[in-house]
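Asks: Chains as they are written, first to last, in the UniProt record's numbering: chain B, 1 to 258; chain A, 1 to 301; chain Z, 1 to 282.
Which chain B residues face chain A? A few, computed with CB under 10 Å, are given here:
(1) Val-16
(2) Thr-20
(3) Ala-109
(4) Gln-110
(5) Glu-113
(6) Gln-116
(7) Leu-122
(8) Ala-125
(9) Met-207
(10) Asn-211
(11) His-215
(12) Gln-218
(13) Glu-223
(14) Asn-228
(15) Val-231
(16) Ile-235
Okay, the calculated beta carbon distance ranges per label pair:
(17) A:Asp-53 - B:Asp-129: 35 to 45 Å
(18) B:Gly-84 - Z:Val-280: 49 to 59 Å
(19) A:Glu-64 - B:Gly-35: 39 to 49 Å
(20) B:Ser-197 - A:Leu-20: 46 to 56 Å
(21) B:Met-170 - A:Ser-18: 30 to 40 Å
(22) Z:Asp-255 - B:Ser-52: 29 to 39 Å
Straight-line Cα separation of at most 25 Å, BS3-like style, residue types lysine-lysine; simulated pairs:
(23) B:Lys-23 - B:Lys-185
(24) B:Lys-79 - B:Lys-112
(25) B:Lys-101 - Z:Lys-177
(26) B:Lys-101 - Z:Lys-193
(27) A:Lys-77 - B:Lys-101
(28) B:Lys-4 - Z:Lys-230
(29) B:Lys-229 - A:Lys-261
(30) Z:Lys-231 - Z:Lys-19
(31) Z:Lys-171 - B:Lys-101
(32) Z:Lys-177 - Z:Lys-140
(33) B:Lys-4 - Z:Lys-248
(34) Z:Lys-248 - Z:Lys-215
(35) B:Lys-101 - Z:Lys-140
Derived from the structure by calculation, the hints contain no laboratory data.
Beta carbons are placed, not taken as given, at the ideal position from N, Cα and C, and that holds for glycine.
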Amino acid sequence: MDRKRVNGPELSVVPVEEHTEEKQILDSKERRLDGRGIDDIRPIFMKSGLISQANGSTYMEFGNAKVVCAVYGPRQMKKPSFTGKGVLNCEIKFATFSCKKRRAFQRDAQEKEFSQILVQALTPAVRLDLLPKSSIDVYVNVLENDGTSSTLAAAISAASVALADAGIEMYDQVAASSIAYVQNKILMDPSALEEESEDGSLVVSYMPSLNEITHILQNGNTESAIANKAVEQCIDACSKIYSVMSTVLLQSLDTSDK
Amino acid sequence: MPYLSQAERDYITEGVQSDLRADGRGRLDYRALVLETGIISQANGSARVRLGDGTDVLVGVKVEIDQVEPDADNVGKVVCNVECSPSASQQFEGHGADDLNNELTQALQRVLGGPQCGINFEKLCIIKGQQCWIVYIDAMILDYSGNVLDTIFMATKAALFNTRIPKTQIQDLGDGEFEFEVLDDVEDAERLDGIENIPIGVTLNKIGTGHIIDASPLEELCTEAKLTIAVNKDSQICGIQKGAEGGIEPGLMSEMIQTAKRIGQSLIQQLDQKLQDEEQQVDEKRLNGENIEKLGFFAMV
Amino acid sequence: MNADPVAPSFSFEIFERIKPDEYFRRFIEENVRPDGRSLHAFRPTSIRQGAISTANGSAMVRIGGTTVICGIKAEVAEPRIDRPKDGYLVPNVELAPICSANFRPGPPSEQAQINAETINHVVETCQILDLSELCIEEGKAVWTLYADIVCINYDGNILDASLLALICALKDLSLPKATVLPSSIVQADSSEKTRPLQLRRLPVSSTFCVFSNPKVTLSDPNDSEESLSKKIVSIILDTEGTILYVHKSGGSVCDPEMMKDCFTKARARASMLKELIERVIV
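So that you can see chain B by itself, here it is in the shape it has in the complex (with noise of 0.2 Å):
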């Protein structure tokens, strides 16, 4: 009983599906279920500056997902303690309808992970000394989910032009792509379809220029040289999204000159 909601009934629950097909991932061609190579990652559109309230703001969608982020700051800190250097808070939330399943209202353990993880992923780029007592936060949201690993890692891409957006002092951006591993071959840029049917995923976000792992985040099992060879993967996948990223930033410059 959330006594600051409106409450729908105490229990709820999901209907059973009647028609549960296997679909084939991938086809007798090796394409996969929307055309793509394995090696393709699906196009993306990232457009900055659409939240008029906040410093810094980027909007992403890539196949079905969707991801806002919102950069506030830098701004005092609440409470404030004495820090040399600034504080970077991320918080990611699933909105309710975002997944196949209906999440609830309150973070859960994922989400406050993912937060982490944003932290972490992040903070190498910052140049947090330059700010000291003062906090920066990141609030994602995300509207659809199309892939769990791809949205983390999506979420990354876009809080690091959030915060370039922002006008926030940056060592680089920090660019991020997911793997699947799917029946010993490696997908890139999975889609939530293909996530059903994974044996294992990988996320990991890198800085191009300052050639820099941020964050690595790998479950299930491989054997080390396909873990290695997933890396490059996603290390190449990074580089292109970094180029997007670039652009994204310079073309916010031209409509903020005019």
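Using the hints provided, position chains A and Z relative to the given structure of chain B.
Replies: Relative to the frame of chain B, chains A and Z by itself:
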């Protein structure tokens, strides 16, 4: 939040570069390990691991019967939970440990929560579509002195080795109806199937230009980036997770993964050997009717 | 009413910050608002339906800068004993820190709760829809629609945007055909989808902001105008002009002329939105 002075930081960083750490260890040396299983009589399995004279982790395993998940009706489940006892460190008072608890729980659940951990989940199912065993793994950090995640993995592997699941007897009543009974006899309880495949974690900390294993708390404060790699006995990588707020260059990361694999292999071998030995000793004593003395909680080693 | 002497090279942004009331008054005296609108103009409104494929129904609404997305997820529940055929519609409004620096993380603020309750009240009491259309099997299983309205960018007038988003999302709602099996489990067939909900009325909200000094009523206040005056009047009509709900916040007096004026403007807005909805919604 403890702070570190620049002088201490330099001392540790240069020590790492010269392969001579503050406590005299080399870069890839573990502290002395003390391990004991079967110390909690009420749990189906338990183990306690003490690393050096600092990090102390207790893992208890309980198995319970519950409904199967509707979309996975022929397998059992593993549920992990990690909690830092507030007495372990000042920063764990009240809600201070919440973030760390969540991070460690998710890390453990990610590696052990699915078929990739090697446990035979189908054997945990009692009646398909109805009841299954759920294995609850609860880890408690009694003392914090760096490198908790590796210790938790080792203690969990030992506790699962020690776990015995009661046998069930299924009666077919016909018409698709089943009934089962749990046999109380301790002697009949079975070991979990597939525990030799359970991975352990190896955490490498990047300090300056070198990396170390089994960091002490001061070394953890100097860590720029942390990489935890889960390996199993077949040399497969079962999970990679980066921690701390710095970056790692890709070449160095591959090197760290190789190092972790090597060390993980040797660690698993030694751990398995010791566990077998301990079990053998206990079984022998039991056969001879001798008293089994456990070190338990009060011994200082 | 003193006009403060202003230095010639004074930045208007700084002036807005330190003397917001005075800044605002100077615009109103010229019969225009700081964002360039006339006193009774509503901001450009756009609707986009069906943007979220994981939701059973969704709509995104923009009124000027204020952007909200309503997503509806459907689950199955047992109906109330006294209403065995009625389903549930559970609206909620989320004003998260992402949409404005004024909102802090945590449970819903008073403003969010008020908006959610208003929308819930209008839906329950004004015969907007027939909840028995959500029935799967009488007394056993009914659909529960969780309509969650998330604000992405907050620039004032959240009520108008939320209600419009809810209505458009309800019109977009499609549910799979569901049957109750003998084992009491509900089975759904996603290959057969229906649009069960026929909205009897389309409620449309118009919000006005009342100022006493200068004496003026502004339609569709944005965030800065809302913060200057706490006196809000919200009028919810249906698209035929029937009054469904009127709310005037306390703390000041409003003369009847001004209220009549608001009603007229609300009616004009309702017919304009009726056109927009018919144009955009399939």
